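Model the full structure from these sequences, guided by the hints.
There are 2 protein chains.
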Amino acid sequence: MSMTNETGMKRPFTDGQDLLPGLSIDPVIFGFHEGQLKILLLRFRGMDAFALPGGFVHLSEDVDEAAARVLYERTGLREIYLDQFYTFGKRDRRDAGTQQTLLQGNGVELPNTHWLLQRFVSIGYYALIDFTKANPTPDPLSDSCGWHDLATLPPLIFDHTAMVYKALETLRKNLDDKLIGFALLPETFTMTDLQQLYETILGKPLQRTNFQRKILSLGILERLEKKMSGGAHKAPYLYRFISPATP
Amino acid sequence: MSMTNETGMKRPFTDGQDLLPGLSIDPVIFGFHEGQLKILLLRFRGMDAFALPGGFVHLSEDVDEAAARVLYERTGLREIYLDQFYTFGKRDRRDAGTQQTLLQGNGVELPNTHWLLQRFVSIGYYALIDFTKANPTPDPLSDSCGWHDLATLPPLIFDHTAMVYKALETLRKNLDDKLIGFALLPETFTMTDLQQLYETILGKPLQRTNFQRKILSLGILERLEKKMSGGAHKAPYLYRFISPATP
Numbered sequence: 001m002s003m004t005n006e007t008g009m010k011r012p013f014t015d016g017q018d019l020l021p022g023l024s025i026d027p028v029i030f031g032f033h034e035g036q037l038k039i040l041l042l043r044f045r046g047m048d049a050f051a052l053p054g055g056f057v058h059l060s061e062d063v064d065e066a067a068a069r070v071l072y073e074r075t076g077l078r079e080i081y082l083d084q085f086y087t088f089g090k091r092d093r094r095d096a097g098t099q100q101t102l103l104q105g106n107g108v109e110l111p112n113t114h115w116l117l118q119r120f121v122s123i124g125y126y127a128l129i130d131f132t133k134a135n136p137t138p139d140p141l142s143d144s145c146g147w148h149d150l151a152t153l154p155p156l157i158f159d160h161t162a163m164v165y166k167a168l169e170t171l172r173k174n175l176d177d178k179l180i181g182f183a184l185l186p187e188t189f190t191m192t193d194l195q196q197l198y199e200t201i202l203g204k205p206l207q208r209t210n211f212q213r214k215i216l217s218l219g220i221l222e223r224l225e226k227k228m229s230g231g232a233h234k235a236p237y238l239y240r241f242i243s244p245a246t247p
Numbered sequence: 001m002s003m004t005n006e007t008g009m010k011r012p013f014t015d016g017q018d019l020l021p022g023l024s025i026d027p028v029i030f031g032f033h034e035g036q037l038k039i040l041l042l043r044f045r046g047m048d049a050f051a052l053p054g055g056f057v058h059l060s061e062d063v064d065e066a067a068a069r070v071l072y073e074r075t076g077l078r079e080i081y082l083d084q085f086y087t088f089g090k091r092d093r094r095d096a097g098t099q100q101t102l103l104q105g106n107g108v109e110l111p112n113t114h115w116l117l118q119r120f121v122s123i124g125y126y127a128l129i130d131f132t133k134a135n136p137t138p139d140p141l142s143d144s145c146g147w148h149d150l151a152t153l154p155p156l157i158f159d160h161t162a163m164v165y166k167a168l169e170t171l172r173k174n175l176d177d178k179l180i181g182f183a184l185l186p187e188t189f190t191m192t193d194l195q196q197l198y199e200t201i202l203g204k205p206l207q208r209t210n211f212q213r214k215i216l217s218l219g220i221l222e223r224l225e226k227k228m229s230g231g232a233h234k235a236p237y238l239y240r241f242i243s244p245a246t247p
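Taken in sequence, the protein lines are chains A and B. To convert, note that position 83 of the first sequence is 83 in this note's numbering; the numbers rise steadily by one, no gaps. To convert, note that position 118 of the second sequence is 118 in this note's numbering; the numbers rise steadily by one, no gaps.
Some hints could be false.
Stated by the list, open to error - Under the rule of at most 27 Å between Cα atoms (straight-line distance), these lysine-lysine pairs were calculated in the BS3-like manner:
(1) A:204 / B:178
(2) A:178 / B:178
(3) B:166 / B:204
(4) A:90 / B:234
(5) B:173 / A:214
(6) B:173 / A:178
(7) A:178 / B:204
(8) A:90 / A:166
(9) A:178 / B:214
(10) A:133 / A:227
(11) B:227 / B:133
(12) A:173 / B:204
(13) B:90 / B:173
(14) B:234 / B:214
(15) A:227 / A:214
(16) B:178 / A:90
(17) A:173 / B:90
(18) B:133 / A:173
(19) A:214 / A:204
As the list claims (entries may be wrong) - Listed below are several chain A residues computed to face chain B (Cβ distance under 10 Å; list not exhaustive):
(20) 23
(21) 123
(22) 177
None of these hints come from the bench; they were simulated from the model. Since this is a predicted model, take the numbers as computed values, not measurements. Just so it is clear, CB atoms sit at the ideal spot from N, CA and C, and this is done for glycine as well.
Given below as structure tokens:
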């Protein structure tokens with residue numbers, strides 16, 4: 001884990017009256033750094049388990065707007081790739097024991113009738129962000145918010161592990177269809193960066209020549225100057241993603 | 001429109017205490033008949049507009065279980081292809097005027113604080129059923145439940161038209177990936193039936209030889225006897241869908 005911010009505790013709860021009852025948003029926030037696919041996780045005070053950096057929906061917000069706000073609150077980023085992928089509605093998806101431990105760890109006691117302890121359905125969103133631009137921020141109940149390698153995911157609360165893998169499945173499926181992988185890269189990148197990203201998401205090696213031919217045939221990359229390096233004659237070209245030309 | 005059932009009015013409302021607040025299920029139920037893709041719609045008493053045959057989630061049910069129950073209540077069918085495709089959460093997705101008209105048409109008056117008049121988020125499911133087996137059943141507020149051609153969709157209430165097209169988009173996208181089209185056909189079918197189904201869903205003609213080669217190469221069809229017809233020498237083969245062989 002790296003890039004962890006820590007802040008003091010804020011007021012943890014509203015009275016829930018301005019929120020949609022029983023509905024939460026759980027964003028799976030993907031980043032890519034040094035050849036690893038990463039996701040942003042919170043760690044709650046007093047617990048070993050981690051959690052997706054979720055939130056609730058205000059009555060005054062569209063659900064999509066709530067997801068964008070939650071993401072902004074966690075990462076400081078707006079206008080990044082964000083899409084719904086699945087809604088999680090199992091009756092027993094939040095176990096009471098975990099909830100109580102979580103609250104006790106924060107010195108909070110709530111009656112069983114409290115809105116926060118009712119059944120919640122959660123809408124999963126996945127976000128793709130340029131790792132170098134995100135600024136992780138903990139929420140009031142958690143003491144850290146940071147990036148974790150997807151390859152060595154720690155234990156997560158509730159059904160959050162299933163959420164992460166469902167989000168990854170969607171990311172894989174949409175990689176070609178929607179060309180969304182570029183949202184995980186900085187504005188300029190080398191062909192090696194791009195291939196490494198695809199290989200990491202798909203979890204398998206790709207043949208270099210085929211990959212390059214396929215990607216270049218899509219007409220979505222603009223070739224820029226060469227990347228500066230020690231041996232200039234071997235420097236790779238930098239590329240930038242451009243929207244596909246309309247035929 | 002065809003295959004409309006009509007029944008008397010039942011008790012329209014519970015007090016909502018046994019339901020998840022603010023959450024509904026709206027199934028887009030696809031059938032295929034005589035070369036047309038069809039969906040199942042309700043018509044509410046006193047309204048010209050139609051609606052998806054939705055329902056609510058009991059506290060005792062997983063959301064998926066609620067979707068299966070709603071489907072069973074409308075079609076009499078269990079164990080059919082049913083999958084979540086999107087959750088609709090715009091703040092103003094249900095307009096108050098339509099709601100009041102709907103209730104007044106049934107002679108029902110509700111205070112503005114009634115649970116049914118609060119904001120609802122709706123989870124969209126799509127179902128694929130063998131048209132010949134469904135037995136459409138109206139709900140307590142509606143006076144008919146029947147099949148409509150997708151090509152000539154009547155006006156729908158709220159955001160239900162957007163739901164239908166989002167479901168169709170998902171159906172198109174999953175047609176090859178998940179081989180789900182067969183759920184819309186009877187157990188046995190001709191290659192012409194199958195091609196017609198694909199052409200209807202995709203909204204474009206397919207080249208016959210290519211289509212057959214591609215489908216047969218998947219190893220998912222079992223060829224049965226020839227279909228009986230007048231000119232036996234021209235009778236087409238019948239096929240049956242089998243699960244893909246594991247390599």
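Each hint tested on the structure:
Between residue 204 of chain A and residue 178 of chain B, the direct Cα distance comes to roughly 22 Å. Compliance with the 27 Å bound is thereby established for this hinted pair. At roughly 18 Å between alpha-carbon atoms, residue 178 of chain A and residue 178 of chain B fall within 27 Å of each other, so this suggested pair holds. For the hint linking residue 166 of chain B to residue 204 of chain B, the alpha-carbon distance of about 18 Å falls within 27 Å, and the restraint holds. This hinted pair does not check out: residue 90 of chain A and residue 234 of chain B have alpha carbons roughly 52 Å apart, beyond 27 Å.
For the suggested pair residue 173 of chain B and residue 214 of chain A, the alpha carbons sit about 21 Å apart, so the restraint of at most 27 Å is met. This hinted pair checks out: residue 173 of chain B and residue 178 of chain A have alpha carbons roughly 12 Å apart, not beyond 27 Å. Under the criterion of a C-alpha separation no larger than 27 Å, the hint pairing residue 178 of chain A with residue 204 of chain B is consistent with the structure, at around 22 Å. Distance hint between residue 90 of chain A and residue 166 of chain A is fulfilled; the C-alpha atoms sit about 15 Å from each other, no more than 27 Å.
Simply put, residue 178 of chain A and residue 214 of chain B have alpha-carbon atoms about 24 Å apart, close enough for the 27 Å limit, and the pair holds. For the hint linking residue 133 of chain A to residue 227 of chain A, the alpha-carbon distance of about 21 Å falls within 27 Å, and the restraint holds. The hinted pair formed by residue 227 of chain B and residue 133 of chain B meets the criterion: a straight-line CA distance of about 21 Å does not exceed 27 Å. With a C-alpha separation of about 24 Å, the suggested pair residue 173 of chain A and residue 204 of chain B falls inside the 27 Å cut-off, and the hint holds.
Our distance criterion of 27 Å between C-alpha atoms is met by residue 90 of chain B and residue 173 of chain B, whose separation comes to about 24 Å. With a CA separation close to 23 Å, the supplied pair residue 234 of chain B and residue 214 of chain B stays within the 27 Å bound. Note on residue 227 of chain A and residue 214 of chain A: the hinted pairing holds, with a Cα-Cα distance of about 22 Å set against a maximum of 27 Å. In summary, the hint linking residue 178 of chain B to residue 90 of chain A is supported, as the alpha carbons are separated by about 23 Å, within the 27 Å threshold.
The suggested pairing of residue 173 of chain A with residue 90 of chain B holds, with an alpha-carbon distance near 26 Å, which does not exceed 27 Å. Between residue 133 of chain B and residue 173 of chain A the alpha-carbon distance is near 33 Å, which puts this suggested pair outside the 27 Å criterion. Restraint check for residue 214 of chain A and residue 204 of chain A: satisfied, since their Cα atoms lie roughly 16 Å apart, inside the 27 Å limit. Taken as an interface hint, residue 23 of chain A checks out: its beta carbon lies about 6 Å from the nearest beta carbon of chain B, inside 10 Å.
For residue 123 of chain A, the interface hint holds, the least distance from its beta-carbon to any beta-carbon of chain B being 5 Å, beneath 10 Å. Satisfaction of the interface hint for residue 177 of chain A is found here, the shortest Cβ-Cβ separation to chain B being roughly 8 Å, below the 10 Å cut-off.
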